[in-house]
Each structure stands twice: as structure tokens, then as C-alpha cells.
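Peer 1: The chain contents come next:
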Amino acid sequence: MIRRGTRKRKKERLLVRLLPALSVVAFLVIWEAAVRLRGIPPIILPAPSSVFRYLGAMIADGSLPYNLGITLLRILAGFAVAGFLGVVVGVLMGMSRVASRVLDPWIAALYPLPKISLIPLLIIWLGTGETYILTISVITAFFPVVISTYSGIRQMDEGLVKAARDLGANERQIQTKVIIPAAIPSISAGLQLGMGVTIILVVAAEMIGGSNQSGMGYLLIHYGQVMETEKVFASLIVLAVFGGIIIKIQAAIDRWLAPWAMGKN
Amino acid sequence: MDIFVENLTQIWGEEPDAVLALDAVSHHFRSGRLTCLLGPSGCGKSTLIQIVGGIEEASAGRVRIVNPEQSDSPPARPGERSVMMWQNLNLFPWRNVIDNVAFGLEMHGVARRERYQRANDLLALVGLNGFEYRPCNQLSGGMRQRVALARALVMDQPVLLMDEPFAALDAQTKIVMQEELARIFERMRKTIVFVTHAIDEAILLGDEVVVMTARPGRIKEVIPIDLPRPRSQDLVNTPEFGRLYDRILHLIREEVLNAMRQQESARVA
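Heads up: the protein sequence lines correspond to chains A and B, in order.
Quick note, in our numbering, the first sequence goes up one by one and the last residue is 1276.
Quick note, in our numbering, the second sequence goes up one by one and the last residue is 270.
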């Protein structure tokens, strides 16, 4: 009796674990059936089977890997610069009252501004090359990183600082051995937000103005203009999977960096 | 270390909302003794211990910490010869057990080898061998207390200040930790000031129980506890314990009622 009970429960657990995959498969089947039964022209909505055929072809001819690689490099460059600057400025603001006073009005004013609205200005100043793409992604990703880092430091548990001081830590040691480690979960959360917006802004910049005619944003806009809808879909799928993988990797890094904060943020 | 607290007054906030937390408190915490500070919540006992530990600065009055064997040398600054064990422990969650214990030594520039050696000795004393490299958030409440105790003891200071360290523990773990502390105290003979609101804990651990009044905090009565050491939980069943308990309970009950009346009138106002 007991054995059967556990076997039944195991079965249920397996079903629950398969639900995400089943949901995707069911969606694709309905999509395929709808396109075929209603005879929707592929230029409007291609069937998933033909999207995957095109996807295979684009991987085989190298256009997808190449453009995805370019986009990835741009994202990483923008993220690295924004992450570094954001953490440095955030820590500076958290540690120094003067710095936070000086920088606060700028951050308060610029953070809510939709960064895409800066694109025309940046194109006038920087042209449409790599500098422009890098700049727009850095500007966008910088803010969430600064704000999370700063608030992480500001909201830290005063008790830890008192305890460290009682154990003989000097002010510098309190900064490096207590305040910064305590802020790592928020810094990491800020970096994850920053990565999200970097992906968005790099792809957007590749779509709007990017003169190098490369990257996933360029592919999307290009195939859209020539109405190769299958390739638009194929590019979208790749971009979605790629974004998902990056977020997963970041979450794993986060767990590795700050295992004590799990379930807290 | 003898700790002389003289006319300590602490006022929180500014007029007209100023709160008198401590009102000219004077007491001599005797060297090598364990003194329990007992009182209703909000009576300023935590404030008092934090002033003695140099965490807070008093509005008025002074603290003299002197070595009875060298009474002509200048008194120590508050915090200089003491270490605090906190109510909420304040362990560093990103550090494992041994790096928490060795934190103070690390801050003083003690080399890794030596500080691990000393931290290991203390971990052995509190019964945490084998947990050196565990992250602190994987430990039970009682084990976290032991880490915090070891982190304080490793500093090898003559004065140990304990601010309700066992308040959050379940009843069984609390008993074990009290016996553990009694054992360590009997062995090390430090000067300990122990803040608590539990009467039985105060009698069990203390050489002396200082009962404080509700706000403003004053010393209501000092009760010597002459029960023999080593002490264990069995004391609870002795008539002497019962008499002391009743006496302190009587004092405390008055103060708790006072505190409640104060809160009541504050709400009406």
C-alpha cells in the first residue's frame, strides 16, 4: 500500500515537472494546426514547422551564429562598462555623503527618462557605429546598478557595523569587510536588472540606426522589411532563448556569490 | 576588571520629545563576577550595557573600568577592554563559522594561521568542532549562539557584555546555553554583565542581580545571589532559589505594572 502511494506521488511530481514543456508543445501544436486548417499565408503567420526549417537553414549558413555573436559581444561590453561604473559610483555614494548629495539630483532626474529617447541625440553626436550602441546600452544599464548598489549600502543592518566596530574594525575595514559584502546581494540584483535592459537597448540600437548592419536587431528589422516572416520568427526565438540563458547564468552566479541571501531578495 | 558606573544619564531625542532612558544610574560591577541586569522592557538595561561597552555615548555621567590589581593605572575607555555579545547576535552571514569567530583577530591583523588556531580553540570550548567551514545560516539557533559566544571570547578581553543573548532561544536550548555559559564563566572568571528579562536566568547565572525600574531606568534593588557554584539547572528546585525568585518577581511585577501604566497614559496623551 505504502509503495503504491509513493509511486503515485512520484508520478504526480513528474507530471508537474513536465508541465512547462507540455505547455510549450501544446502551444506549438495549436499554432501549427491553426495555420494549416485556416490556410493563413506564411507572410502573415508562418507555421512553426517552417519557422524551424528556416531556423535550421540560418544556423547552417552561419548568419544566425554570426549576428548572435556580435550582439552578445555588444551586450557584454555594455554590461561590463555599466556594471563597473555603476558599482563604483554606487559604492561611492553609499560611503560618502558629499558624493551622494552631488549625484543624487542627476540620478533622480535621469533614471525615469526613457533611455531610448536619447537615441536621436546620440546619433547626432556619435554617429551610428559601435560607440553609439555601446553608449546607449551603458547609459541605460548604469542606473539600475547604481541605484541598487547605493540602496543596498544605505539599507544595511547597522547592527553588523556596530558589532564589527566592537570587535576592533576601523572605518576602512568596516567599509571593505562589512558594508560591501553586506551589499553584494543588492549589487547582484542591480546587475541582473542592468543586464536585462542592456539586452533590450543593444537590440533596439541595432534596429534603429546601427550602421554596421549586424546583430540580432539588424536581422529582425531587415527580415521584417523584406517580409521574410519565417526568418523574423526564427530570429525572435533565438533571441528569446538567448535572453533566457543569460538570465539563468546570472541567477547561478548570484547564488554562487551570495548564497546566504537566498530567499531573502 | 572593576566597572564603576557613576551617575549615568541617557536622554534620547530632543526636547520636547526627549525621553529619559537612564536617570543617574550608579553601580559597581565587581571584577570577576557575573552581574545580571534585570528589568522590564524599555527600562534602559540595553542602553546601560551599550554605554559600558562604548557602543553608545552617555548624555551625562561616566564609566570607569579599572584593573583592581593595578588601581593606579589610568582607567580603560569603554569598549577598550570589553567585547559585546548581541541580542540578535550580528553574525556576518557571508562568513562561515570560523571566519566569523576569527573576525576580530583578522581586524587586528593577526595572521591567518594563528587566528584560525585561536578560533579553533574557542570553537572546541563551545562545542562546535567540525562546523568550522559551515555557513552560519545553516546552523540552528543554539549553534549560532555558540558561534557568537566564541567570537566574543576569542578576543580574550577581561570584560564580556551580554545583551539578552538567549532571549530568542527555545526553552530547552536556552537551558543548555545557560549551563554552558555558567561552565565557561566558572572556568574563565571574566567580568560579565548579562542583560536579561528572565528572572530564573538571572538567578541561575548571576553573582548579583541588579533590578532596574521602568522608564526612567534607575536601579531599584541589588540582590546578591549566594548560591554555590558550579550551578546547574537543578538549583531551580531548591527552596533558596524559590525565595530569591519570589523576591525578584515581586520587585519586577511592580515595575512591569508601572511600565504598562506609562504606556497606557502615553496612548491617552
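No lab work stands behind these hints: they were computed from the structure.
These figures come from a predicted structure and were not determined experimentally.
For every residue, glycine included, the Cβ atom is placed at its ideal position computed from N, Cα and C.
One should not assume that every hint holds.
Each pair of labels, with its calculated beta carbon distance range [to be verified]: (1) A:Leu1026 <-> B:Ser141: 44 to 52 Å; (2) B:Ala112 <-> A:Leu1204: 38 to 46 Å; (3) B:Glu133 <-> A:Arg1266: 21 to 29 Å; (4) B:Ser42 <-> A:Ile1264: 57 to 65 Å; (5) A:Ala1263 <-> B:Arg31: 27 to 35 Å; (6) B:Glu115 <-> A:Leu1026: 39 to 47 Å; (7) B:Ser42 <-> A:Val1109: 35 to 43 Å.
Derived lysine to aspartate or glutamate pairs resembling EDC-like cross-links, with alpha carbons at most 20 Å apart [stated by the list, open to error]: (8) A:Lys1173 <-> B:Asp122; (9) B:Lys175 <-> B:Asp100; (10) A:Lys1173 <-> B:Asp235; (11) A:Lys1173 <-> B:Asp100.
Peer 1: Each hint needs a verdict: does it hold in this structure or not?
Peer 2: Structure-based check of all given hints:
no.: 1; hint: A:Leu1026 <-> B:Ser141: 44 to 52 Å; in the structure: 36 Å, violated
no.: 2; hint: B:Ala112 <-> A:Leu1204: 38 to 46 Å; in the structure: 41 Å, holds
no.: 3; hint: B:Glu133 <-> A:Arg1266: 21 to 29 Å; in the structure: 22 Å, holds
no.: 4; hint: B:Ser42 <-> A:Ile1264: 57 to 65 Å; in the structure: 43 Å, violated
no.: 5; hint: A:Ala1263 <-> B:Arg31: 27 to 35 Å; in the structure: 56 Å, violated
no.: 6; hint: B:Glu115 <-> A:Leu1026: 39 to 47 Å; in the structure: 57 Å, violated
no.: 7; hint: B:Ser42 <-> A:Val1109: 35 to 43 Å; in the structure: 39 Å, holds
no.: 8; hint: A:Lys1173 <-> B:Asp122; in the structure: 25 Å, violated
no.: 9; hint: B:Lys175 <-> B:Asp100; in the structure: 25 Å, violated
no.: 10; hint: A:Lys1173 <-> B:Asp235; in the structure: 37 Å, violated
no.: 11; hint: A:Lys1173 <-> B:Asp100; in the structure: 17 Å, holds
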